[in-house]
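Chains A and B, in that order, give the protein sequences.
Heads up: the first sequence begins at 9 in our numbering, then just goes up one per residue.
Heads up: the second sequence begins at 3 in our numbering, then just goes up one per residue.
Since the hints were made in silico from the structure, they are not lab data.
None of these values were measured; they are calculated from a predicted model.
A couple of the hints might just be wrong.
Claimed, not checked - Output of the computed footprint for chain B on chain A, the stretches with three or more beta carbons under 8 Å from beta carbons of chain B:
1) 96-108
2) 156-170
Stated by the list, open to error - Label pairs and their calculated CB-CB ranges:
3) A:73 to B:116: 24 to 30 Å
4) A:216 to B:321: 50 to 56 Å
5) B:160 to A:150: 14 to 20 Å
6) B:116 to A:205: 24 to 30 Å
7) B:208 to A:333: 43 to 49 Å
Even glycine gets a Cβ: it sits at the ideal position worked out from N, Cα and C.
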Amino acid sequence: MTVTDTPTVPAPRAKRRLTTSKAMVEAIAQEMERNPEVVYLGEDVGSYGGIFSSTTGLLDRFGPDRIIDTPISETAFIGLGIGAAVEGMRPIVELMFADFLGVCLDQIYNHMAKIHYESGGVVKVPMVLTTAVGGGYSDGAQHSQCLWGTFAHLPGMKVVVPSTPADAKGLMTAAIRDDNPVVYMFHKGVMGLPWMAKNPRATDDVPDGDYEVPIGKARVAREGNDVTVVTLSLSVHHSLDVAETLSAEGIDVEVLDLRSLVPLDREAILTSVAKTGRLVVVDEDYQSFGVSGEVVATVTDHDPGLLRVPVQRVAVPDVPIPYARPLEYAVLPRHDRIEAAIRRAVAA
Amino acid sequence: MDAQTRVSLYETMVLSRTYEEAILREYHADKGPGFDIGKGLVPGEMHLSAGQEPVAAGLCAHLTRDDAITATHRPHHLAIAHGVDLRRMTAEIFGRETGLGRGRGGHMHLFDPSTHFSCSGIIAEGYPPALGQAFAFRRRGTDRVAAAVTGEGAANQGAFHESLNLAALWSLPVVFVVEDNDWGISVPRTASTAVGSNALRAAAYGIPGERVEDNDVEGVYAAVGRAVARARAGEGPSLIEVHTLRLWGHFEGDAQGYRQDLADAPTHDPIPRYERRLRDAGLLDDAAVERVKASASERVEDAIRFAKESPLPDPAAATAYVFTDAPSAGGTR
Numbered sequence: 009m010t011v012t013d014t015p016t017v018p019a020p021r022a023k024r025r026l027t028t029s030k031a032m033v034e035a036i037a038q039e040m041e042r043n044p045e046v047v048y049l050g051e052d053v054g055s056y057g058g059i060f061s062s063t064t065g066l067l068d069r070f071g072p073d074r075i076i077d078t079p080i081s082e083t084a085f086i087g088l089g090i091g092a093a094v095e096g097m098r099p100i101v102e103l104m105f106a107d108f109l110g111v112c113l114d115q116i117y118n119h120m121a122k123i124h125y126e127s128g129g130v131v132k133v134p135m136v137l138t139t140a141v142g143g144g145y146s147d148g149a150q151h152s153q154c155l156w157g158t159f160a161h162l163p164g165m166k167v168v169v170p171s172t173p174a175d176a177k178g179l180m181t182a183a184i185r186d187d188n189p190v191v192y193m194f195h196k197g198v199m200g201l202p203w204m205a206k207n208p209r210a211t212d213d214v215p216d217g218d219y220e221v222p223i224g225k226a227r228v229a230r231e232g233n234d235v236t237v238v239t240l241s242l243s244v245h246h247s248l249d250v251a252e253t254l255s256a257e258g259i260d261v262e263v264l265d266l267r268s269l270v271p272l273d274r275e276a277i278l279t280s281v282a283k284t285g286r287l288v289v290v291d292e293d294y295q296s297f298g299v300s301g302e303v304v305a306t307v308t309d310h311d312p313g314l315l316r317v318p319v320q321r322v323a324v325p326d327v328p329i330p331y332a333r334p335l336e337y338a339v340l341p342r343h344d345r346i347e348a349a350i351r352r353a354v355a356a
Numbered sequence: 003m004d005a006q007t008r009v010s011l012y013e014t015m016v017l018s019r020t021y022e023e024a025i026l027r028e029y030h031a032d033k034g035p036g037f038d039i040g041k042g043l044v045p046g047e048m049h050l051s052a053g054q055e056p057v058a059a060g061l062c063a064h065l066t067r068d069d070a071i072t073a074t075h076r077p078h079h080l081a082i083a084h085g086v087d088l089r090r091m092t093a094e095i096f097g098r099e100t101g102l103g104r105g106r107g108g109h110m111h112l113f114d115p116s117t118h119f120s121c122s123g124i125i126a127e128g129y130p131p132a133l134g135q136a137f138a139f140r141r142r143g144t145d146r147v148a149a150a151v152t153g154e155g156a157a158n159q160g161a162f163h164e165s166l167n168l169a170a171l172w173s174l175p176v177v178f179v180v181e182d183n184d185w186g187i188s189v190p191r192t193a194s195t196a197v198g199s200n201a202l203r204a205a206a207y208g209i210p211g212e213r214v215e216d217n218d219v220e221g222v223y224a225a226v227g228r229a230v231a232r233a234r235a236g237e238g239p240s241l242i243e244v245h246t247l248r249l250w251g252h253f254e255g256d257a258q259g260y261r262q263d264l265a266d267a268p269t270h271d272p273i274p275r276y277e278r279r280l281r282d283a284g285l286l287d288d289a290a291v292e293r294v295k296a297s298a299s300e301r302v303e304d305a306i307r308f309a310k311e312s313p314l315p316d317p318a319a320a321t322a323y324v325f326t327d328a329p330s331a332g333g334t335r
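The shape of chain B in the complex, shown without the other chains (with noise of 0.2 Å):
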């Protein structure tokens, strides 16, 4: 693996989490007095994806634009690593009429069709459109690919199988990718599956399986070059599961009083540690951390700024949008 290529994985998982910790900061600057899920710049539900950075830094390197990705309800490592727009992602977050979907979908569901990224609140339906861009890519005689990321809890799903067997049974251009942080929600994966790796399963559909230990981002640069050489080659799905962290409650407000591994988590923190290695391998410094860190946060407070600046969407135009043609009112449909 190259130099170049590991620093740059490093500086993505920099910018994703220095995107996290302004997004933490920015939910609950105003939240209060207590905590008011529903007020504040930045309302609802938060999912921030600290800690599982390994993953999207190690499979976005191996995809380019035009290459697809359906995320979850925590997608934002893997947006930024895609190249989706931090500005406009921001302002969605933020529900601003510049966002990607104009207020429409909030951090749950963002929706970029220049980078073909979008995610999905529910657990593990993400991953049936992915067959169908998978479909697509390969009917157009490209050598594109899609993939699918959900967490470890969602290898319970049917949606999850279902989509497995037809990948697998139509070869399918797909990477699927489960990030199994230990945690479904308050459910530790001990007690939500029977076998130690979903990996495993993938034998049950004939493609390869392998599991990624100890949240590694160069284990799962691997891994994914596999998958999708093997992908882009036309020979089919593989299922790859990596062993990853996070660091943060399952959302914003969450206490966390059900984790036992809590106390750990901080020193396992892949960042901190892959830099760490990058030292000793002689690849980064002092000033060039600096630059990565400096760098990084010019770009996420930028975005930070354009949303805050933009403005809120027309309340008079809730109901555009519904469909395409005919611009909808209340009742009229």
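Okay, chain A solo, but in the shape it has when bound (with noise of 0.2 Å):
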């Protein structure tokens, strides 16, 4: 900047309280006023609202025409997404849960991601592809994880997965105008739902009005010094959770929220490991050929020296996610294992 600029001052914005799924339909709303190339179509997203509530109210204000029910036809109707943008719409498609990926992954993968590559940049399908992720509640291997580490790993397709209601809203509002395939993925734990226990961070200030959160820059959640929690969705909460405990005894733990694993903000996690030189992952994925991996490797193809000591690794440990509580709880990144694992870094 020159000294003749002008700074950008951004007028101050009405902020409320709301739910990370009513600051996500927020977005939508905004984005189909704006927009009336924006539809939102998939299973139960009419009059139901969606069943973890990303479509509440939105067929009252925007009708069948645009809020559109389909068949339980995965492939067909995210394929039908895919045509539809290709022909310049901005079509946001729900697949209910990130666990369903299988029964359509073609569309997804070898359609969605991967026209634009292969029509060497001439065909754009910016579309939203929504689902629901994340365990904690027993519903079980099937209905239970979390995938963005598949999604990440296939190229073609950005990968968001917001943590906050702020973050749910500018980011929504960022890959709806998107001309790229963006996948957006929401934790049902983050989402302030009535009928699940309440995380109370799912309910925060939201600003008013239309912004955007852009997609690739990684959000310091918590400054701290001692250690650096790389992180993303829920599993950001748990270790705000646990760095407040233990800001207690003295140690003073960054919390670091991914905010989008494609692109992947590797400079956030240099910046904040180069400070601390410590190194804890928190992924609610599976743990092998994963999201840490990947964390673990942006620090060590940049310099291993950054690293004082071992990385910790709190994520699944590569079983199907189980049904009974105690099992469940064994296995996800809870804060017990959050905070063993920080303590595990300080210590070394």
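Dock the two chains into a complex; use the hints.
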């Protein structure tokens, strides 16, 4: 910036406290107002309002021509979204659970994600694929996975994973406006659903009006000097809880919320680890071949010397998510495992 | 059916066959010694559509460039009949920077937004995107249609049935076309499908189903005419199966040891047969046939020349076009 530039001061925005789901719906509604080419389709997104409240109230506002219930035919309706996007519409298509990826994976990774590349950049696929992820409520092995590492592994789709209401809104706005396919993964545990255990952080300040949270920029959710926790989604909240507990003992934890896996903000990871020298990765997806390994490789590829101690990984230990609560809690990255990992890192 | 349309169907078929013969020649020119699929000016798998020209000619005669087609891994006849630029399509097949996909797609992945043409290497998975194109066309108040084409093997895939159901449910302007060439690679239709005609399956979705026998281009033209009129009028999708002929192998290099019908195949070639018909009707003579073939040959050789003279893509740009924004470099996404 030169001295003659006038700095842009953002207008102060009114803030209300909203749940994550209400913030997400607000973004969708605002974009639908702005752009008639935005439609939302999927299973039970109409009068039900989305099984995890992803579309509450939208049918009343926009009608069945834009909030569209589909048959249980993920291959057909996700493919329909692709065709509509290719023709210049901006469809948002909901895959009810990320776990159902298998019934329609071809449309997602061979078509939605590859058309732009295969066409040499000539055909754009500006669609958003939304999907609910995560466990912690005994829904068993086929309804509790995160699988974001799988989506992120396959090239051609951006993958965003908000943890806060404000980010849920800003990232959704950015996703709808993006010319690329964006997979928007919302954790059931951060939505603020009335029928699940309350996470107090699932309701928070949300700016009024429309704004974008840029896709690909991580957020320092808590500053600290002793150890970096790199994480995303519900685990951000667990990690913040643990960080507060440990601060009473003088352990100063920095929590980095990745916000998106593709693109991955490698700069933010390196900056934080360069400061603390200690890294804990918390990931609710499976451990092997996934996000935690990628985060660690980001550091070691750049400079293994940044790490003063070995990395700690807290992820699902490569088992299907069990049903019974003690079993499920044993494999998910919950407070106890996160705390133990941080203690190991700072003690080393 | 008027004389001009009949001759034009013939011309389209000849152009397509001329093209396939040229690709065949270029493909095999430098695969040796022996046969190395990854070698040569045209590397990789090659699925040629010789024998299936009546489907493309009969279908595309009813479509404009504003209508969409999603084709299969055997796409050339449909692309040519729909008016995809021959030079840029050929350049793509040759893996050149001037190709439709700048060499990123290849012959199974041709995308031409100017004619709404695309194809997919995955069986039946071109059907769902056609629904979306039809959805967008109707939503904009146009009478444009989308044609979704598969082979008969794909009619056993889930995507086929999900798409028929959804298109019927929402009355989408889609014309579903099945090219029944009797062979899903090496498996005959009789060993993969319980019903004799996939057109019967339309009944399960409450839409018209029609089978055209004998690889008859005028039969295809008539059936597609009914289906397109229905779609344009907002009456929803139709399913047409054409009993066609895969004259050559599933892919080039396929010795076809499994095929029982090969001895007869050349006598069923639809192009000389249709040519005789038009000669008998007094619509073609030696001079006219010669003109059609010479014109096709000129266009095809021009396209091949264009492809060969075009530059190969810069290896440093292999990671470009993953996303529309930030040009990506390996490992930093």
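Verification of the hints:
no.	hint	in the structure
1	96-108	holds (count 3)
2	156-170	holds (count 3)
3	A:73 to B:116: 24 to 30 Å	holds (29 Å)
4	A:216 to B:321: 50 to 56 Å	violated (40 Å)
5	B:160 to A:150: 14 to 20 Å	holds (18 Å)
6	B:116 to A:205: 24 to 30 Å	violated (54 Å)
7	B:208 to A:333: 43 to 49 Å	holds (47 Å)
Checked against the numbered hints given earlier, the structure breaks hints 4 and 6 and satisfies all the rest.
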